[in-house]
Structure formats: structure tokens, C-alpha cells
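Protein chains in written order, with this note's numbering: chain D, 1 to 106; chain R, 107 to 600; chain H, 601 to 1227; chain U, 1228 to 1726.
Just so you know, these hints were derived from the structure itself, not from any lab.
Treat the numbers as computed from the prediction; the structure is a model and nothing was measured.
Even for Gly, the Cβ is constructed at its ideal location relative to N, Cα and C.
Don't take each hint at face value.
With a straight-line Cα cutoff of 25 angstroms, these simulated DSS-like cross-link-like pairs (lysine-lysine) come out [said to hold, decoys possible]:
#  : chain 1 : residue 1 : chain 2 : residue 2
1  : H       : Lys-1180  : R       : Lys-475
2  : H       : Lys-1225  : R       : Lys-474
3  : U       : Lys-1659  : H       : Lys-1180
4  : R       : Lys-556   : H       : Lys-715
5  : U       : Lys-1659  : D       : Lys-89
6  : H       : Lys-1225  : R       : Lys-542
7  : H       : Lys-1160  : R       : Lys-551
8  : R       : Lys-542   : H       : Lys-1180
9  : R       : Lys-474   : H       : Lys-1160
10 : D       : Lys-101   : U       : Lys-1429
11 : H       : Lys-1225  : R       : Lys-475
12 : R       : Lys-555   : H       : Lys-631
13 : H       : Lys-629   : R       : Lys-556
14 : D       : Lys-53    : U       : Lys-1414
15 : H       : Lys-632   : R       : Lys-474
16 : D       : Lys-103   : U       : Lys-1659
17 : R       : Lys-542   : H       : Lys-715
18 : R       : Lys-267   : U       : Lys-1414
19 : D       : Lys-103   : U       : Lys-1379
20 : H       : Lys-1225  : U       : Lys-1429
21 : H       : Lys-1180  : R       : Lys-556
Negatives, chain H to chain R, calculated, CB over 12 angstroms [what the hints assert, rightly or not]:
#  : residue
22 : Lys-629
23 : Ser-683
24 : Phe-747
25 : Asn-781
26 : Arg-975
27 : Ile-1169
28 : Val-1173
Some chain D residues judged to face chain H by a derived CB distance under 7 angstroms, without partners named [claimed, not checked]:
#  : residue
29 : Ser-18
30 : Val-22
31 : Ile-25
32 : Val-49
33 : Lys-53
34 : Asn-93
35 : Leu-100
36 : Thr-105
37 : Leu-106
Listed below, chain by chain, are the residues.
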Amino acid sequence: MIEASFMSYISLSILLFSLGIVGLISRKNIFIIYMSLELMLNAINLMLVTLSKYFADIDGQIIAMMVMAIAASEAAVFLSLIVAMFRLKKSANIDDYNTLKQKGTL
Amino acid sequence: MDIGLLSFIIFLPLVVSFILLILPVDMKVTRNIAFATTVVVFLLSLSIFFQFRLTDYMQFREFHPWITSYGIYYSLGVDGFSMIILMLITTLIPLGYLFLWKTKKAKGYWASMLLIQTGVTGALLSLDLVLFYFFWESMLLPVFMIIGIYGTGNRIFSTLKITIYTIMGSLFMLVSILYLGVAFYNEFGVWSFQLSDLVQITILSNLQRTLLFFGFMIAFAIKIPIFPFHTWLMQTYSNSPTGGVFILSAIMAKLGIYGIVRFVLPLFPHQYVEFAPYFVGLGVFGLIYFGIAALMQQNIKRMFAYSSASHLAFITAGIFSLNAYGMTGAAFLIVAHAMATGGLFLLVGNLEYYLGIRTISGLGGIAKKAPLLTVAFALMLLCIVGLPGTNGFVSELLIILGLFQYNHYVGVISALTVLVAASFMFWLFQRAILVKTDNDISELKDLDKKEIFGIFGLGAVIIAMGIYPHWFLYKIEPTIQHYLLDILKVGVAS
Amino acid sequence: MSSNFLAWIVLIPLISSAFLGLLYLYSIKFKKVANSVFTFFAILAPISSFIIGLIFFISLANGATDYMYEPYTWLGVNGYIISMGFLGDKLSIFMVLFVTFIGSMIHIYASEYMKDDEGYGKFFSYFNLFMASMLLLVLANSPIIMFIGWEGVGLCSYLLIGFYFEEPLNVIAGNKAFIVNRVGDFGFIVGLVTMFFYMGKLGFDYYALQDYVSLVPTPVLTIIGISLFIGAMGKSAQIPLYVWLPDAMAGPTPVSALIHAATMVTAGVYMVARFHFLYDLIPNVGLFIAYIGAFSALFAAIIAMRQTDIKKILAYSTISQLGYMFIAVGLGAYSTGLFHVFTHAFFKALLFMSAGAIIIALHHEQNIFKMGGLRKRLPLIYTVMLIATLSISGMPPFAGFFSKDEILLKAYIHHEYLIYAIGLLTASLTAYYMFRLFFITFEGKNYTNKKIEPLGWSIKAPLVILAFGAGFAGFIGLPEVTGATNLIDDWLKVWSGSSLHVEHSQEIIFMSISVIAGLMGIGVAYVKFFKYDFNQEVKYSGIIYNKFYIDELYDAVFVKGLQKLSVFIAVVVDDGIIDKTVMSLSNGFINLGRRVGRMQSANTRAYAFFMLVGISSFSLYLILKLG
Amino acid sequence: MKYDDIIYLLPLISVGTGAVVLMLLSPIKSFNISKLSWVTLFFLILSFIANALNFGKVYSVAPFAHLFSSMFVIDTFSGYFTSIILAGGIVTVLVGTHYFDKSDMLRGEIFSLLLFSVFGMILLVETKELFSSFIALEIASISIYILVGFQKNYTRRVEGSFRYLILGSMASIMFLLGIVLIYAGAKSTNIIEISSYLALHKSQDMTLVITGGMLILITFLFKIAAFPFQNWSMDVYDGAPLPITAFMASTFKVAIFGFILRFILVDFHELKNIWSDILFYVAILTMLYGSFLAVFQTSLKRMLAASSIVHTGYLLIAFVSINSIGESAATSIIFYLIAYFLSSMGAFGMLSYIASDDHLRVTYEDFRGFSHIRPYMAAMMSIFMLSLAGIPSTIGFIGKFYIFVGAIESGYTLLAVIGILATFISVYYYFKLIALMYFYPSSEMTNVPPLKGIPPLIIAVMAVLIIWGGVGNTLISYFPGIDFLIDTAKFAYQSLFIG
């Protein structure tokens, strides 16, 4: 019984993670990209928690806590940058930001 | 630590040039001091020449640890072959200075000349492969500077070209050196890049040796240059200033030959013997190929570039002839050709200095205006052509003998050398120097005192070596025999 | 007489040459030096060499053994020693004598001929260098040292032919001489090297070679012989390498005299004689040489019949006479050949010098059809010229008769009837064109009435002396029919070759035949040209006048061909193929880089995708790896 | 508990406190950039000294083991890297101050951020535990993200920073995933425990651990900009302010290598050869890609960025050839990092002193005839270029020599040959600059900074160090030369395996 649920948790987190990756690559909107990153992080958190439950030791959950902290700090940087970018170009489309494109290519 | 004679010879120019670069002295002072330095170096090497003993092989050894954790030593030494080239370098450079005297070049020019001397002598005298590579590469930078800064025409392109081309070759050599070092480590458990140690390696398979052999050969082949790797030569020669082309043609190219004899022969005797036919073939082919190519050149420097390529190919053939005649002749032709070509380039530099860069058809009527220059030109030209009485003849004769002993047909073909150089050199002499044309050469001045001294000093040596070659040869002879031992070993082995 | 004076025979002219050269440079750079100074040192050199030679000659005549002098080791490689050595045996001293003698004569002659030339000092410097090289060639005791002189002669010919170097044609002629000689030298070097490895086991001087030669297989000897002879072809202007000699007329006339009479061209003959021990063993090669000689003789004679330039005619006659000499040496009759060299030296020098005299007398007019009627105006020249012409035409009792006749005789004795016939034909042709020259120049209606330059004694005296030589030099080689001893055969006993004999009656017949042949030639010339009327302008054309277009042929084949090849190599192969390959490698790399640079599209999602691809490829690899 | 361990933590502590102090000071108006920079220097030098106290001997301690449950180890290895990182910080501050001064929008906070990132990096090379290393990595990275995008009204800055942020966090997510997988596999995140676990359970299926290791490896490859994950580096290096680029290119890379070496050598050496093949290709492709990019760049900054990819490739050569035979491969990395640090720091630093990112002396062409205006600067620049190109008589040559010897020694001759080819290509784009500086007549240049003040001095010192590192030897016995550096590298390597 526990086996099945364990696997289901794991597979759920894998699903979320893949969703995150797909979102990261396929979506243009910078917010959604950011969100898919967060999604991946949370998928990993889920995995961690599941594992620590499975191993019955506390490490995993502590790590998950810390990951949230880190995710929060990243979020801060993200949002501020998003604001700055939007100020500059009035566009939330990631593809509009290509001033650093390599010049002189064939 | 005690500083030996060789270190002194090597590093005196370096030190002087740095001091000159840093001190706020003007061009004239720099030039004079630089000249004085070269003269001092010349005297030192002269003392080496006279102290040189025929009885033993490597002399004036210096041996100090440098990068001990990799067994890299600062080890120098001189044998008959390197001694004669050392003499050549230290003699040529001061004489060359006398010609470059009047060039209105910045002090950097003279400083670089000194640096080049350091690099060249260092590469010549070092017996540790890493040390050799060290000098071999670092002598490229001042050349890079001289050609790039003071050159003419499409100088930057040709500078980058020669630099990259040469570095490519020497990097392959580096890999081979490292490989040898590692092989030595694997076999004996200690690090060493000493030539005398590396020759003892036995664990390398034949294939590995062959690859390493070519790793070395490509570096030297580019430097010399041997046939397919020669295209940088013409552009560089025609674009570089007098001093640069003087150094390049008279000294640097010879170091390629030297490297082959010094390192490739003892390290890979089997491959040396095994591939000798191809290099002899390339040499003789190049002799004729470049000779013919030179015929219709319009730019004198280009023509001389081809002609030196032709001679260098001939020398290459000589050192691969695997016998005393060929190798002695090669050693001798290195000297002879260096002097003659160097002198010619200096004289051409004079023409450029007064008349600007001109094609051959733009010259003419020089003989009447500048008889001394003409005589000097003729002297060098005759040495190039290999006329008896000049050292050119002795060396060419010896090489032909060697090649003939190596293979009769090759010997006969190589005898064509008496035709090759003559055919274009005399034509050039006719068109550029002798025949009166309506080109304006009123700017031209004849040689001044310094130049007379310089060029006729060269001429005197050329004649002396042509009339009494033995006096110069008997110092090389034992060394050559020593080299031949390696080849003989192979003969025994295979 | 200690043997080291041999060196001085060479050294004196050499030193004087160097000295004169420096003096000349000094005089043009700083302050003028009087001609007399140059003259003094210039003429001193050959005369003193001659005197030393004479002393050696006497002591040899008194039965002294050959002199050998080796001052120092010239080259020593692999324990093999080649020393700078001089050999004074009968042959070399004989050569030294007449080279220095004729040389001195020409020097004296030149001292006036060149007097108002600003290159005076230079000229004599070259001249003495020329003498020195020739003497070194003659006195050398080993082929290599001989080669030094051999090349030196070539160089001097270059310098002297291109003496007036501001005129392109002269320099071109000089180049031609040098290059063609070099072609010969190529052969010589090949022969030298082969000899070195196959005959030089005991040492490399002539004695050692001679001792070893019998042990050498004949094919090798044949190769050596032929390649050496190629050298001789170059120097002595035989078919096919004769082309430089006619052009060598570009130089001042004394130069032509020196080259043709005394020094350069005889070198080949001397060389063959010097290597008699070699050529004795390979009669086939000897025969080949003889035939080359014969054809050259005929060929040159034919060309000479149609020339108008006085010096050109003489040049071709030289080639033709050299042909005779090679017939002799080729047939092993070295002494006979050398005899002809000897006589030829006299009359040819005489011819050239008188031609030169005429030329300066007529203000540098060389076309014989612009001369004529000079008999009255230049009586001395007329006389000596007549002697010389008779001598070269082989009229008894002049020198040329004896030597030429003996050559023909030798040809007959060796049953080479073709050579004999050619020789005879050439003899009559020679007589024809020489007298053609003579009649047109001296007889005939007076064409030019330019005023004649007076000739000084230093031109006249040598002419007279040489005239005696041309007249009576033949008596040192009297045929045995006269009962007298053939001095020259006697002197050069070693070189006199197989002494086959014919009955005296036969011998006399041959003499008369050749005399008749000569007379026929003269007769034809007389009929055609004695009363030559200059009013109708002569227009020669046709293949003979154009020397069978040989020069044009060489030019088209060799010169043009080489130039085309050179351009092809330099432009197409080097720049077009090799350099393009090199550069295209680097440029190709850079362009590839530009393509790769497209990946830096600054598109975040693309980057992320690329990363993802990387990650998945890693995982794929891992899956494959772990199975 | 024994408090003398505190001495080992001093560097970390001083940097940390410095960071906090600066954060507090920066709002104060009276503290302008230069004042703050002096404060920063104070803390950095303090910790440098503290770090240098136990230099030159082989040691390894876990301070306050019970407190941190031996998450941190401080040994010669970490000491070595710490000193490089601190030096990086110091040089960045010294050279960069001039830049920070003249460019707008750069306020005092940057110093605090700089110190934070230095703190993170030091932590990174000292940590022995995966998750704490993750935290350290994040501290370093996030502060660098901010540094890159600090001038928030420049599009290139912000854009670069944002791209770096997205891709970087993607990479760190991979890192995290790797940790999780390893945790799942080995029930621990402590490197020592993991390695012992691996040693014990050789027989069992290691898929999880291996995969986790691979993901961590990927993050590492991302951070050092190795081939499939290199795209960001060009943009970020180009977008960032020059001193920050210098800091990233040299120092951060060093820190990452410090971490991954420990990770590979101590922990995963059992499994390393699983990755060696793919790393082989990664190394080759990295060098090729970098060379391809570098040859056609016109902007110097981008060229240096591309060339730093190539140098990553060289380092990877050594990384691949790490194996049981001989220590030279590992030590060669440690040595080469110094060589590369000096050269690239010097080059970027010089650039940041005499150029600005967008309008002043950006491209090759802008340097025509520079030598006539500032001969000594041109000379220094040439020295850096030569060292980067690995021409003898510079430390760059010794470093390459070292790496290629290591590669050949452990049988990767092909890698050595390809490295040689990359070097040979690099000669082109390095020498092009020298050629331009020297071979053209002097052209007029606008406001070239003078050759006085601290930055040129520091740069000159580095140039001298480069030369000395190239030719210096043990002839002068009491003065450290090449041998000294190599030996230190060896100590650092050995210290990994004690305690």
C-alpha cells in the first residue's frame, strides 16, 4: 500500500518537474517562465519530502525547508529583474530581449 | 650560481636590450650600445672557437635545475656543429648592424634585434628540449615585432601568417617533446627532458616514434622551409625590413636545419634513416622547383626568398644524405649561404633605403653609380652560384658528393645546382645592376665606410673559406662523425 | 728550381689581378691613377710567369723529373685528403709556356688597344685573373683544383665579354657564355664526382688516378669520359654547346684573342689530354669525341662562309680548328692535338689582333664589306694577316700546315676515313672563307676612304713576333718524312699515342692532297672575291647566314620554356594551389566560426532547450553505458 | 568544545562580517565608492592573511565538527582555493574601483554583494556536504546575478542578468535534483559518507547515485560554461560590467573547480571513469566551440569571453585525465587555475581600466596604435595575451605544459593534440590584438586613463607575476618560483586524502 503511494508521489513530482521544463522552454512570457522554474523547485521539494518520509529520517524535510528559503530569495531577484526589464522594454515577451545577439555571423 | 660563458653569450643581449628599453635613451645611443654588445658577444664566441677541443664532443656544458619537479634543466653545451653556427650568428649580426646603421628606426628596432640574438643563440645552445622549445618560441616574438612594426607592404598579414604558421609547427613539436618526456618517466620513473636522457628511451613502438618524428619534422620543415610549407616565406621576405629579412634568411632558417641534426637525428635514428629518401627527394626537388620559380620574379626580395628556399632544400637533402660528405657539406653550406644571402639582403636593403622599393625592371645602371656596391653584390652572388674560390663551391661540391654516395641518380640531379642558381642570379645581375636603363637612380649612394667594412669583411671570410676550407672544416668533422655513429647504429640494427 | 715556384706561376697574375682591381676601385672612387701604372703591373705578371715557366721548361728539358708541390690540405673529409697541389710535368709546362707567351703578347697589344678606355685598370685586372685561372687549370694536380681554374676561366670570360656592361647585348652575351659553360660544368662535376667514388681510392691527384684507373670497370670509365667531355664541349665550344663563342665577340678584341688563342677554348683539349690515361681505355668515347670534333669543324666552317662580321668569321674558324684538335685527341693522338693547339694559338692570336688593328684603324668597323683595299694603307697588317691566313689554310711551310696535315694523317691511319674526308673538306672550306675574308678586306676596290688611325709600336710589335710564330712554329713538329725529329711528339712522348706509321710515299701523297684541297678553296675565293666590286650591296640571307637557326632554337626551347615554367610554378602552383590551400584552411575555419556563432542567438528559450538537449544526451549516454 | 578551530574559520567569518558591515554602511551618503572599497579591502585582506597563516603545510581539519556535523573541512586544498578567490576579490576591488567610480548606477551595495559572493565561493570550496554546497553555490550565484544586472537601466545588463538567472536556476535545479537522487540512493548527502557507501556497496545497483552525480556534473559543466551548456556565458560576460566579468570569468570558475575536484576526487573517484568518455567529447567540443566563437569576434570583451570557454576546455582536458595514475592531472588543474586566473584577471582588469563596455575601445579596431599612446599598458596587455596564448616565458605556457603532460601521462594524447590545435588557433585572435596595438601608427584616442594610481600598479604586478611564473626558477632559492607553485598545488591535492 505504502509502496504504491510512494511511487505515486514520486511520479507526481516527476510529472510536475517535466511540466516545469516544458513550460520553461515553450512559453514566451517571462512570468510563466519564472513560474515553471518554481514548479520544478516544488516538484523537487515534493520528492524530498516523500523520500524523507520513506526513509523515515528528517533530513529531507529540512532540506525542503531550506530549498523554499532559497527559492524565495531567487524569487526576489526574479521579480525585481522582471520589473526592471518591463520598465526598459515594455514587453513581457522573452524573445524581445536579444540585444546581446552575436553580431557578424553568417 | 656561476654564470658560464654560454649563458653570458645568450643573455647579455637580453639584459642590454631590457636596460635600453627601460632607460630613456635615444635611438643613436641604443644603436651604438647594441652594436657594442654584439661585438662583445662576438669576441666571447671567438674565444669559444679557439678553446674548442676536437677531442671531446659536448663542451662548455652548463647544467642548473630549473623546474625540478619536472626534471627540466637549464643545460647548455656546444659541439662542433653548433659552434660553427654560433660563430656564424655572432659574426653576421655585428656586420649586419653596420649596414642597418643608417636606418632611422626607433630604439625598439635595435632592442628587438638583440632579443632575437638571445633567442637564436639560446635555441642553438640548449640541450634540454623544453629549454630549446622555450627559446625557439620566444625568438619568434621579436621577429614578429620587427616585421610587423618596421615592415612594408602587407606586413601585418604576412606577420600574422608567419607567426601562426611557425607556432603551429612548433606546437606539434611541443606535443612530441612532452610525449617523449612522459615516455621517459614511464620507463625510468623520473622526469627529464634532457636530450642525453631522452635518447635512451626504449619503450616507444615504431609507430609512436614515427609520429613523434613527424611532430618534430613539421616544426623544422616549416621553419626551413621544406617544399609544401614554404608559402609564408616569400610574402614575409618581401614585406619585412632589411634587418628582419637579414635575420630570417641568414640565421633563423638555418636553425631549422640545426634542429633536425641536433634533435631529430639522435632521437629517432631509425626514422631518420627510414624517411631519408623522401627528404632527400624533397630537397632535390625543392632545389630545382624553387630555382625555376625564382627565375621570373619581379621583386628582388622575392627572388632571393626563392633562391634561399632552393639552397635550403639543397642543405636539407645534404643532411639526409646519411654520410660525412653530405652532412659536412650541409654544415658548410649553412655558413656559406647564410653569409651570402645575408650580404645580398643587406645590399638590397641599401638599394631600398636609397631608391625605395622597386621591381627589378625599375632598377638598372647601378654598377656605374655605385661600383663598390656592385662588387660586393657580385661577390655574394658568386658565392650563391657556388663558384670555386668561394665557400659556396666547397659546400655544394661536398653535398653533391654526399648525395652521389647516397644514390647516384640523386647525385647527378643535384649536380644541376651549378645551373639553377646561375640561371636566375646572373640574369638578375644583368637587369638590376649592370645594364643602363632610363630609371632615375640619382638618389643612390655608394657604400659608406662602415658598410664597406661590413660587407667586405663578409666577403673576405667567404673567400678565405673557399680557398682554405679545411681550416674551418676540421673543427666540424669530429662532431659530424659523432652524428654518423647514430646512423651507423641503425645500419647495424636493421 | 724548387717546386714551390709552380705556385708562383699562378700566384703572380692572381696577386697582380687583385692589386689592379683594388687600385682601379681606388682610382675611380678617390683619385685617378695613371694608366702607365696599370700597364706596368699588368704586363709584369704574365711575363714573369712566362720566365718562371721557361726555367721549369729548361730544367725539365735537362731531364728533371716532374715537379709536384702541395702547399696545404684543401679539403679533408672522412680522412680523405684533397690537397691544393700543383703539378709541373711536360704537358703542363708546355701549356704554361705558350699560354703565358701568347698572353704576354696580348697584354702588350691590349695596353695600347684599350688605352683610352676608362675601364683600363679593370680590364687588366680581369685579364690577369684570366691568366691566373688558366694557369691554375693547367698546373693543377687534381681534377678538383683543375675545376677551380676551369670555373675561374668561365667567370673571367663572363666578365670580359660583358666588359661594356651598360650595353644589354654584351651582358647577355656574357651570361650566355657563362650559362652554356655551366651546362658543360654540370657534366664536368658529374664526371668529377663519379671519378671521386670509383677512381679515387688511392687519392685524387692525377698519379693516383692513373694508378687506379685500370681497376675501374669500363662502363664507369665510359660515363666518366663522356661527362668530362661534356665539360670540354662547353669550354671548347663544340657541338652542341658552341653557341656562346660567336657571341663572345661582344668583348673587346684582345679578349677575343685571349679567349680564342691562348686560354679558354684550349682548356677542353688540354683536359682530354690530361686524362689520356682515362681516354686510352675507352676508345669508343674517343671516337665519339673525334666525330663531334669533325662535325663541329665542318659545321662551323660552313657557317663561316656566309658571315660578314670579321670577328664572327674568326670565331667560327676557331670552332672549326678546335674541331680538328678534338679529332686528334679523340683518336688518341694527344700530342698532335696539342701541336695544333700550339700552332693555332699563334695564328689565331695573330688573326684576331690584326683584325683588331683593322677595326680600330677603321674606327670600330667590323663588317668586312665595309673594308677593302687596305693593302696599301695597312701594309704591315696586310703582311702578318697573309701569313696567318696561309697558316690557318694549311699552306706549307706555315705552322698550320704541319699540325693540320698531321691530324688528317692520324685520322687516315686510324682508318676513320669519314673523319678524314670531313677534315679534308673542312680544310678547303677553311681556305675558302679565310681568303674570302682576306681578299675582301685587303684587295678589291677601295670602299671606305675614312682616314686611318695610326698604330703604335705596342700593337705592331706583338703582331710581328706572332707572325714569326705563325710562320715557323710548325717546325717543332716536322713530319717524319722530312727525316727531322718531331720535337713536340718527342717532348710529349707520353701523350703521343699509338705510333702507327705509313710509308713516306703515302705520307707525301696525303700532304699534297690536303695542299691541293686548300688551294682549291683559295682558288674559289680568288675568283669570287679578289676583284670584289662593292657597288652592289651584299645581302646575305638563308639558313647558313642565319647559322642554321640554332640560337633561335635554343632560345625557344630552353629559355622561353624555362620562363614559362617559372611563371607557372610561381603563379599557378605556389600562389594558386599551395598558398590558396593554406589560406582557405584558415579562412574556412573562420567562416565556420561565423556559422557556429549563430547559436549565440540571445534567445533564452533556445539556450534552455540546448541545455536540455545536452542533459538528455548525457542521460542517453548513461542509459547506454549502464545498460 | 575547542575554540582554537576558530582560526580556521577566520577567513570566512571576516568576509561574512565584512559583507554585513558593508551592507549597513552602503546607504550612508558620506561613504562614497572609494571609502567603501577601502573597507572592503580591509576585510578581504584580513581574511587573506588569516588564510595565509597556515600556508604551505598539509593539513585538514573539520572545525567544530559536532556543531556543523563536519559539513565543512578546511585543508590545504580549500586554503589554496580560498587564497585565489580572495585574491580575485581584492584585485577586482582594486582594479574595479576606478570603473565603479566613473560608471553611474553603481552604488556601495556592490561591494557587499561582492563580499557575499566571495563568502559563498569560499564556503563552496570548503564544504563537504552536498546540500550545504548547494546553498554556498546559490549564495555565490545569486549575488553575482545581482551584480551583473545592477545597472538596471542598461538593457544589456538586465538582459544578461535575467538570462543568467533563468538558466542558472535551471542548472541549480538540476543540482538539487542530483542531490535528491543521491540522497535517495545513498541515504546521505555527506560526501564522506557517500563515498564510504559507494565503497561498501560496489556490487549493488548504483543507478540513482550515478544519475545524481551526473546531474551535479551537469551543473558544474554549466557553471564553468562547458560545451552543451556554454551559451549563456557569452551573453552574460558581454552584458556584465567589466570588473564583474573579470570576477566571474576568473574567480567563480576557480571556486567551482575547487568544489567539483573535491567532489570527484574524494567522493566519486569510484565512478569517475563512467563519465570519462563523455567528458572526453565535452572537452573537445568545448575547445572547438570556444575557438570557433573567438576567431571572428570583433569586440574584445566577447573575444575574451569566448576564449574563456576555450580555457575551460583546457581545464576539462586535465579533468578528464584525472585518474589513478599520477597526481599530475589533478595538480595541473590546480596550477592552471592560477595561471588562468592571473592572465584573464589581468586582461579583463586592464580592459576595465582603459575601456568601457559600450562606447570606448570596445573592438579590436579601437586599439590601433595603442602602443604609441600608452606603451607600458600595451606591453602589459601583450603579456596577458601571450600568457593566454601559452607562449613560453609566461605562466600560461607552464600551465599548458603541465596540463598536456598530465593528459599524455594518463594516455589522452589525442586530447593533448586537440588542445594544441586550440592553442594554435588562439594564437590568431590573441596576436591580432598585439598586432593592432603595435603595428599601426598612433591614432588619436579619447580620454585614455593615465598610467598612475593603484589599478595599473596591480595590473603591472600581475604581469610581473605572469612572467616570473613563466621563467622564475629555483636558482634564487629563497624566492618562490614555478616549483613553489607546483609544490603547493601538490600539497593541496594531497590534503584531500588525509583525515
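Cross-check of the supplied hints:
no. : hint                    : result
1   : H:Lys-1180 x R:Lys-475  : 41 angstroms, violated
2   : H:Lys-1225 x R:Lys-474  : 83 angstroms, violated
3   : U:Lys-1659 x H:Lys-1180 : 21 angstroms, holds
4   : R:Lys-556 x H:Lys-715   : 34 angstroms, violated
5   : U:Lys-1659 x D:Lys-89   : 37 angstroms, violated
6   : H:Lys-1225 x R:Lys-542  : 82 angstroms, violated
7   : H:Lys-1160 x R:Lys-551  : 36 angstroms, violated
8   : R:Lys-542 x H:Lys-1180  : 38 angstroms, violated
9   : R:Lys-474 x H:Lys-1160  : 30 angstroms, violated
10  : D:Lys-101 x U:Lys-1429  : 48 angstroms, violated
11  : H:Lys-1225 x R:Lys-475  : 82 angstroms, violated
12  : R:Lys-555 x H:Lys-631   : 17 angstroms, holds
13  : H:Lys-629 x R:Lys-556   : 16 angstroms, holds
14  : D:Lys-53 x U:Lys-1414   : 12 angstroms, holds
15  : H:Lys-632 x R:Lys-474   : 16 angstroms, holds
16  : D:Lys-103 x U:Lys-1659  : 19 angstroms, holds
17  : R:Lys-542 x H:Lys-715   : 23 angstroms, holds
18  : R:Lys-267 x U:Lys-1414  : 59 angstroms, violated
19  : D:Lys-103 x U:Lys-1379  : 23 angstroms, holds
20  : H:Lys-1225 x U:Lys-1429 : 17 angstroms, holds
21  : H:Lys-1180 x R:Lys-556  : 43 angstroms, violated
22  : Lys-629                 : 7 angstroms, violated
23  : Ser-683                 : 9 angstroms, violated
24  : Phe-747                 : 6 angstroms, violated
25  : Asn-781                 : 9 angstroms, violated
26  : Arg-975                 : 40 angstroms, holds
27  : Ile-1169                : 4 angstroms, violated
28  : Val-1173                : 8 angstroms, violated
29  : Ser-18                  : 11 angstroms, violated
30  : Val-22                  : 10 angstroms, violated
31  : Ile-25                  : 5 angstroms, holds
32  : Val-49                  : 24 angstroms, violated
33  : Lys-53                  : 27 angstroms, violated
34  : Asn-93                  : 11 angstroms, violated
35  : Leu-100                 : 5 angstroms, holds
36  : Thr-105                 : 4 angstroms, holds
37  : Leu-106                 : 4 angstroms, holds
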